[in-house]
Amino acid sequence: MIRIDQQTIPVDDLSDLLTTKEQKDILTRMDQSKEIFQYLSLRQLKFELLFRTNTLKAARDLNNSKVQFTTFTYAFANKKYWSRTNVGGFLIKPNISPSVAILDFLKNGKLYAFDCSTGIAIVLYLSALYTVGSRKFDLLFNGLYLMDWQFDNDLRLSQKYGDDFIPGDIVHFNNPDVTPKEAHWRAENVIFMAEDQYYGHGVGIKKAETIITFLNKKRKPNARIPAYLMNLITRPVLESLYQNY
Numbered sequence: 000m001i002r003i004d005q006q007t008i009p010v011d012d013l014s015d016l017l018t019t020k021e022q023k024d025i026l027t028r029m030d031q032s033k034e035i036f037q038y039l040s041l042r043q044l045k046f047e048l049l050f051r052t053n054t055l056k057a058a059r060d061l062n063n064s065k066v067q068f069t070t071f072t073y074a075f076a077n078k079k080y081w082s083r084t085n086v087g088g089f090l091i092k093p094n095i096s097p098s099v100a101i102l103d104f105l106k107n108g109k110l111y112a113f114d115c116s117t118g119i120a121i122v123l124y125l126s127a128l129y130t131v132g133s134r135k136f137d138l139l140f141n142g143l144y145l146m147d148w149q150f151d152n153d154l155r156l157s158q159k160y161g162d163d164f165i166p167g168d169i170v171h172f173n174n175p176d177v178t179p180k181e182a183h184w185r186a187e188n189v190i191f192m193a194e195d196q197y198y199g200h201g202v203g204i205k206k207a208e209t210i211i212t213f214l215n216k217k218r219k220p221n222a223r224i225p226a227y228l229m230n231l232i233t234r235p236v237l238e239s240l241y242q243n244y
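For what it's worth, numbering that gives the first Met the number 0 labels the leading residue of the sequence shown as 0, then goes sequentially.
It is worth saying that the hints were derived from the structure and are not from the lab.
A couple of the hints might just be wrong.
Quick list of in silico lysine to any residue cross-link-like pairs, SDA-like style, CA-CA up to 25 Å [as the list claims (entries may be wrong)]:
1. K216 <-> L228
2. K205 <-> A112
3. K33 <-> V10
4. K65 <-> I204
5. K205 <-> H171
6. K23 <-> V10
7. K205 <-> K78
8. K217 <-> I204
9. K23 <-> D162
10. K205 <-> E194
11. K217 <-> P179
12. K20 <-> A207
13. K65 <-> T84
14. K216 <-> L231
15. K159 <-> Y241
16. K78 <-> P179
17. K92 <-> G132
18. K45 <-> L138
19. K23 <-> I165
20. K219 <-> A207
21. K33 <-> D162
Each pair of labels, with its calculated beta carbon distance range [claimed, not checked]:
22. T84 <-> A193: 31 to 37 Å
23. Y227 <-> S157: 21 to 27 Å
24. T70 <-> L156: 19 to 25 Å
25. T70 <-> T212: 19 to 25 Å
26. T19 <-> R42: 15 to 21 Å
27. G132 <-> R155: 18 to 24 Å
28. G132 <-> R59: 28 to 34 Å
29. S133 <-> D162: 33 to 39 Å
As the structure is a computational prediction, the values presented were derived from the model and not from experiment.
Virtual Cβ for every residue (Gly too), placed ideally from N, Cα, C.
Let the hints inform the model, and build the full structure from the sequences given.
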């Protein structure tokens with residue numbers, strides 16, 4: 000259900016907002032969701048639509064960038080823009096533009112290797128850049144640090160339980176019986192792209208069944224619990240970005 004200024008809005012009344020099939024899919028799923036999506040204005044709803052479609056674009060861009068998958072232990076980045084911390088995170092170097100540094104993942108993908116959670120962070124920061132532009136992005140994300148689920152205060156995350164995914168949501172595959180030899184496949188964090196399409200760094204854009212089959216091959220001998228898609232949704236909190244739009 001979609002509400003604007005406390006009024007429930009039929010999705011058919013929002014057709015003038017739609018410029019792409021992706022936006023129609025997003026609005027339709029919001030309308031059919033058990034959740035109530037509340038907005039103060041039509042402009043705020045349009046902003047979320049833009050951010051979500053940009054998240055899908057960013058996922059496709061990163062998927063095509065030739066960046067590599069690895070664990071925190073072996074992570075590396077372009078030394079021109081990033082310093083690698085002793086725990087495998089990437090800290091932007093002084094006097095480097097955050098927008099230039101984050102776009103370098105797409106420009107020089109072969110110079111980067113990281114895990115799936117860092118991949119999700121890069122997708123969301125790219126989406127923020129696509130949405131608010133380089134000048135505002137540089138002001139908001141000065142001192143950018145990429146590491147696991149650590150996010151800047153202007154791009155905080157929230158979580159809820161449910162399976163009514165909206166394109167642009169972060170969702171999670173769990174693999175509880177993973178082999179200790181490949182413990183990094185204990186989970187795969189992905190962007191929900193569209194009906195049964197998910198992007199995850201290390202697996203690409205695949206159907207849920209394909210990702211589960213891949214994760215099941217990473218289980219310990221005599222494993223009992225197969226990998227599965229969790230009923231957990233992670234989303235960025237967009238208020239700060241919207242205020243700077």
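Here is what the structure says about each hint:
| no. | hint | in the structure |
| --- | --- | --- |
| 1 | K216 <-> L228 | 16 Å, holds |
| 2 | K205 <-> A112 | 20 Å, holds |
| 3 | K33 <-> V10 | 15 Å, holds |
| 4 | K65 <-> I204 | 14 Å, holds |
| 5 | K205 <-> H171 | 13 Å, holds |
| 6 | K23 <-> V10 | 9 Å, holds |
| 7 | K205 <-> K78 | 31 Å, violated |
| 8 | K217 <-> I204 | 19 Å, holds |
| 9 | K23 <-> D162 | 19 Å, holds |
| 10 | K205 <-> E194 | 11 Å, holds |
| 11 | K217 <-> P179 | 9 Å, holds |
| 12 | K20 <-> A207 | 22 Å, holds |
| 13 | K65 <-> T84 | 22 Å, holds |
| 14 | K216 <-> L231 | 23 Å, holds |
| 15 | K159 <-> Y241 | 21 Å, holds |
| 16 | K78 <-> P179 | 31 Å, violated |
| 17 | K92 <-> G132 | 21 Å, holds |
| 18 | K45 <-> L138 | 23 Å, holds |
| 19 | K23 <-> I165 | 11 Å, holds |
| 20 | K219 <-> A207 | 21 Å, holds |
| 21 | K33 <-> D162 | 10 Å, holds |
| 22 | T84 <-> A193: 31 to 37 Å | 35 Å, holds |
| 23 | Y227 <-> S157: 21 to 27 Å | 23 Å, holds |
| 24 | T70 <-> L156: 19 to 25 Å | 22 Å, holds |
| 25 | T70 <-> T212: 19 to 25 Å | 22 Å, holds |
| 26 | T19 <-> R42: 15 to 21 Å | 18 Å, holds |
| 27 | G132 <-> R155: 18 to 24 Å | 20 Å, holds |
| 28 | G132 <-> R59: 28 to 34 Å | 20 Å, violated |
| 29 | S133 <-> D162: 33 to 39 Å | 36 Å, holds |
The structure fails hints 7, 16, 28 (numbered hints given earlier, in ascending order).
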